[in-house]
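Construct all of the structure, not just a fragment, from the sequences and the given hints.
Residue numbers (my numbering), protein chains in the order written: chain R, 1 to 294; chain G, 1001 to 1294; chain L, 2001 to 2259; chain S, 3001 to 3259; chain V, 4001 to 4326.
Since the hints were derived computationally from the structure, they do not count as laboratory data.
Some hints here could point you the wrong way.
With a straight-line Cα cutoff of 27 Å, these simulated DSSO-like cross-link-like pairs (lysine-lysine) come out [to be verified]:
(1) S:3119 with G:1280
(2) L:2135 with R:280
(3) R:64 with V:4264
(4) V:4144 with V:4107
(5) R:64 with V:4191
(6) G:1064 with V:4052
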Amino acid sequence: MASDTLAGIPRTDAEISGLDALEIAGREKGPSRLRRTWSATWPKLAALALAIGIWQAVVWTGWKDPWALPGPAVVFADLGHYLVSPALWDGLATTARRAAVGFAAAVAVGLLLGLAVARVKVLRAALGSMITALQTMPSIAWFPLAILLFQLSEQAIFFVVVLGAAPSVANGVIHGVDYVPPLLVRAGRNLGARGLGLYRYVIAPAALPAIVAGLKQGWAFAWRSLMAGELLVVIATRTSIGAQLTYARELNEAPRLMAIMIVILVVGLLVDSAFGAADKAIRRRWGVLDQAGN
Amino acid sequence: MASDTLAGIPRTDAEISGLDALEIAGREKGPSRLRRTWSATWPKLAALALAIGIWQAVVWTGWKDPWALPGPAVVFADLGHYLVSPALWDGLATTARRAAVGFAAAVAVGLLLGLAVARVKVLRAALGSMITALQTMPSIAWFPLAILLFQLSEQAIFFVVVLGAAPSVANGVIHGVDYVPPLLVRAGRNLGARGLGLYRYVIAPAALPAIVAGLKQGWAFAWRSLMAGELLVVIATRTSIGAQLTYARELNEAPRLMAIMIVILVVGLLVDSAFGAADKAIRRRWGVLDQAGN
Amino acid sequence: MTATTTTSRGATGSVALQGVTKVYGHGDNAVLALDGVSLDVAPGEFVCLVGASGCGKSTLLNLVAGLDRLSGGRIELGDGVNPGLMFQEPALFPWLTVDANVEVPLKLRGLPRPERRAKVAELLRTVHLADFGRKRPHQLSGGMRQRVALARTLALDTPVLLMDEPFGALDAMTRDILHDELERIWSERQLSVLFVTHNVREAARLADRIILLSSRPGRIIWSTRVDVPRPRRIDSPEIASIAAEVTDRLRTEVGRHGQ
Amino acid sequence: MTATTTTSRGATGSVALQGVTKVYGHGDNAVLALDGVSLDVAPGEFVCLVGASGCGKSTLLNLVAGLDRLSGGRIELGDGVNPGLMFQEPALFPWLTVDANVEVPLKLRGLPRPERRAKVAELLRTVHLADFGRKRPHQLSGGMRQRVALARTLALDTPVLLMDEPFGALDAMTRDILHDELERIWSERQLSVLFVTHNVREAARLADRIILLSSRPGRIIWSTRVDVPRPRRIDSPEIASIAAEVTDRLRTEVGRHGQ
Amino acid sequence: ACGDDSDAAAGSGPVTLRLGYFPNITHAPAVVGVEKGIFKEKLGSGVTLETKTFNAGPAAIEAIFSGALDATYIGPNPTVNAFSKSKGEAVRVVSGAASGGVALVVKPEITSVEQLRGKKIATPQLGNTQDVALRYWLKEKGLKTTKEGGGDVQVVPQENAQTVETFTSGAIDGAWVPEPYVSRLVNAGGKVLVDERDLWPDKKFVITNLIVSTKFLKAHPDVVKKLVEGQVAANDFVNTKPEEAQQAVSDHIGKITGKPLDVKLIKQAWPTLEFTNDPIASSLKTGLDHAVAVELTQPVDLNGLYDLTYLNEVLKAQGEPEVSQP
Ligand SMILES: Nc1ncnc2c1ncn2[C@@H]1O[C@H](COP(=O)(O)OP(=O)(O)OP(=O)(O)O)[C@@H](O)[C@H]1O
Ligand SMILES: Nc1ncnc2c1ncn2[C@@H]1O[C@H](COP(=O)(O)OP(=O)(O)OP(=O)(O)O)[C@@H](O)[C@H]1O
Ligand SMILES: [Mg+2]
Ligand SMILES: [Mg+2]
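In structure tokens, the structure reads:
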């Protein structure tokens, strides 16, 4: 490209790229990966150690009978047995599969519902607040309907999960679509995007961060609904975490109950970190990674 | 104020106020209140009518026995009895009181926890994802602990409610504090706000919208936890909606169960509209009321 | 008022507005934003529209771009011309890289992949951003983002460019540089440009013709040719004197709305 | 490197910087943003700092305002002087009305209510916004918001005003008007102003003295007095010629960083 | 094969029987019958058996109502609910399964009825069989209770699982509960104050019976008869090979709950239960009368609830004494 001239003064490419170089300097920096990982991990370990320490201390005081409040040693011993027993892994497999299918269904329903409500004014007025009200309906209220509709099949479980999680997902979609910057929509239209193209190239990606937030909330509801819903259909050959949790409680197996709680927490942490990674990736792409570094 | 002069051209106040008048014209407009109310209401009524219509139609097909799926007429008759019975109002009073107290406690805990985690880096690394993982812990897992700690008192119920709702509230606070524009914090500091003053004048109000969103999610969790938790302590002389819901189910009273579901939905709608109003008021103040008019 | 939509009958690159009228809202809330604006932009002409806030400059560009419906009058564009529109903010898609942003209109036109690649590279070279294709918008400075937006609009391969205060948010130095860039691209590609600005110096620096719109309702109240030879310099006395003249007219117009 | 914090010993309204150095980050990531900047602003003087992006202009103002810690050198302000800082964006609190925004610093200083009221009204009159106290920031135009921000900063009742490209985001006409306003308030209140801008014309229009900072690290490389009598007009030939000179120096400096 | 195809005419094609039960000691005949393949054997090749487990009565009744279940082992309380809520249409009791296994367990320092004054006693659910039994018994002993939990003795309805928690934490002073909770409370330091068997004629009262949906009964009487045969055979097994039965119960519960039930606990509870095919209709009726007496329910017409013709046919064929049809 030839260099331009400006009122007799030669304008060099150097000037443009000098400006560019100055403007964008120092936009990407950060400590090393290793250091980040370590500084993210040690407080978790410390918190864990502290929690177990307090628990052990309380047990040592003899405040409650050991069968009411078992100590860490007992619980971790039981957790050890549990970890090598097929009960855990079969149960986890069943529950994870149900969670995945149920959540996927909830996401599908939530996306469609959210999209419909976000785009159609009448639907929004009709269903908008109903969606949030549905979130407050406890799972057990749906059990009779679930059995009516789906008998004693796994679909009944999915039904409860979907009713629990879809509202959150839909709310995320509505929120996301509401806040798509109108400027981007108009830019998209000017570039030739219409109808589906507009959704594909502009609205969907712009709404993504809010949708992910909705999915995360939805997951919490889905998992809780699943834990309750797994009692709906107890299939003898298929043990599940939700059923085991309830039976542990019914049989007053305090150590096993706590072991299952630990498993649930670990699953929760794993799923949360997956969502966290997705969220972070999106925010990094968008350049809105907050300063708190979370 | 004397009019200024500018390179010999008299500069009038008219020019400044002319510019002002032009710039801010047409920033506030909207249809009348009555019309807004009506256009917000009729789709809800239509949706309701449609839902009841479909329900009645299904019942008329005789798809299920009337004792399994009662028709609208039966349910509304039962709802009528229920509405004039002390059972509903006493139960609602108890439950509402518990919801209020439990939610207030959850808000207090959530705010403190959220603030601590948002401001203290170590705590964030230690507890950040634990908070979300806690959301996925089903209420019944906490029951044994609740009884251990609080015996058969109402505190046991509050404990479960707080554990259900506080994580959402805390997440709202964390999100809100994270996204306080640093520019506003620096402006506040330059204006002389330090320590508590900075929180009072800048951080708290700036985080408010996200906090309200967290409260709303927290409410859904609180209410669901309460419905389950009310079975923990079925107290003398105090009937509650949660207990009635479960008893209706245990006694296979389908019409009563549905009547209670309607009551829960109505409560959910009312609370949602309260949150909606708060959210709208904040957004209007902030000038970020979205174009969708919700 | 007969609503007439945009029609396409003029020569390629020409823009003809006849009695264009635009009313927002209904009944009590109606705002007459434009009132009978007639204007011809010849192929290859650079026309600057100036006017105070709210005089309907953006409305006019949106109508020409077909993003809004006319309330009256007609707009004629060359056959099959879809004018490119640039906004004050770059309006880049933050989730796409610079390359991908520029590629969007090419994808939407259904160009095959290798052709798109080549085209994107060429456009980024045109705006001096050949090395930044893999970056994301937030990694660029404001001036660079506007250059990406320009490249994306040029990717539409249209002879008519509509620009709605595209450099309003940039600092003076960057703006000066972009004026030179825009002028170069305009003359290389023989574009017709309809350029909206608040900034009379900018208008004098760039325009073949400056058109002044009145406020509420928007009407053309004055226009002038800028016969200063190019290349021009924004600090030059000729430009300063034209700017001073337009400023005075604008101030009078603004003053009309005071107190 | 000895870290010295801001001290307060100079005359009211004066600002004295001696060998001010600022390093961001540690070790490999360290950025030397300012390197031994020495500068005196006399009471009542209007000093403009110009320089390309990232040369440390904002860093300098933040240091003077006490929002950041010095890495070396010293800054002296008048006794008890807490300089007011204005940013490029108005940084108004969106949840407060205009009145309440201006009231914040008065509240924080513990003034009683009636006194606050009177003060707010007076300040809003000063910036020609007497009728807009009950509005919220989003209901105002950009220029009006900057005037509110100015009123809020003036409410600090400080003799030293630091301004970080306060008019960068405004359109040219509004900016011209605010230049006049600022000049009037500055001379009425005998403020010392340290004004940062990218815009050399703006600097020439406003400054008693223009100081040019180099980029990376930031050092003072050139300065000039502007002896054009006030009131000035930004379109005037004298201002244009000073601006042209500063522009050339700035371009040379920018060019150093190219390719 | 699910849903309403059980309405289809009998005899055409293979029939599926969907049978429900709880993984619980009081449901031992069902558990053993499933675990040992007794039902499968008796039902023969023409009938496919699908079993479903529940952990509480309501879901089982919901399943029967919705047509998702054809028959289930269940307690007396849900039986009456299902019958009355469907106006006597939905279900029929075709056999008994177990009797006994209920007791009032209290803190060891309580040794007499009088000492219960002012104490908190738990029951599984307001208005259920045990709740009624406790209230009626207290009433007979001159102690007043109210539905709301007031009166001389505070009756606290709560889930059985929770009762063990609250008993150990000292929040309640005793509980009127079925097995295996009786044994659990005893193991947690409780003492049996009243064995409910002592309150009934012949020490017999129903704790578990077998109900079938009326629709299924009408459509497939032959299958129901085979099911009853299976029940009788299962009870034979339970009563003749208790050791094996106990192990089977433990294993089966382990399969469903993820942790086998302690065989010791089963052995401890076993003697308090009697596995009989007699549904002891009279005890159900009497229990209902008691409920009316303590004002927990309206009188219910139980006419038509029992259909014991198949049971009696089976018993007759085996030369065992028939049970009385109420
Ligand atoms: N969607 C709309 N609904 C109602 N009135 C509108 C709408 N858009 C614009 N207006 C009004 O139409 C008039 C012209 O608006 P327009 O945005 O075209 O002005 P402009 O010249 O671009 O102003 P600016 O310089 O502030 O960008 C204004 O009075 C504005 O209030
Ligand atoms: N918090 C920070 N951490 C690390 N580096 C920083 C930080 N703030 C500024 N810098 C660096 O210090 C240098 C000076 O920054 P500063 O913001 O003061 O420049 P500026 O002259 O105000 O630029 P602009 O004209 O873009 O506003 C830049 O190179 C920048 O990247
Ligand atoms: Mg505009
Ligand atoms: Mg800066």
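Do the hints match the structure? See the list:
no.: 1; hint: S:3119 with G:1280; result: violated, 32 Å
no.: 2; hint: L:2135 with R:280; result: holds, 18 Å
no.: 3; hint: R:64 with V:4264; result: holds, 25 Å
no.: 4; hint: V:4144 with V:4107; result: holds, 21 Å
no.: 5; hint: R:64 with V:4191; result: holds, 20 Å
no.: 6; hint: G:1064 with V:4052; result: holds, 21 Å
Hint check: a violation occurs at hint 1 only; the rest are consistent with the structure.
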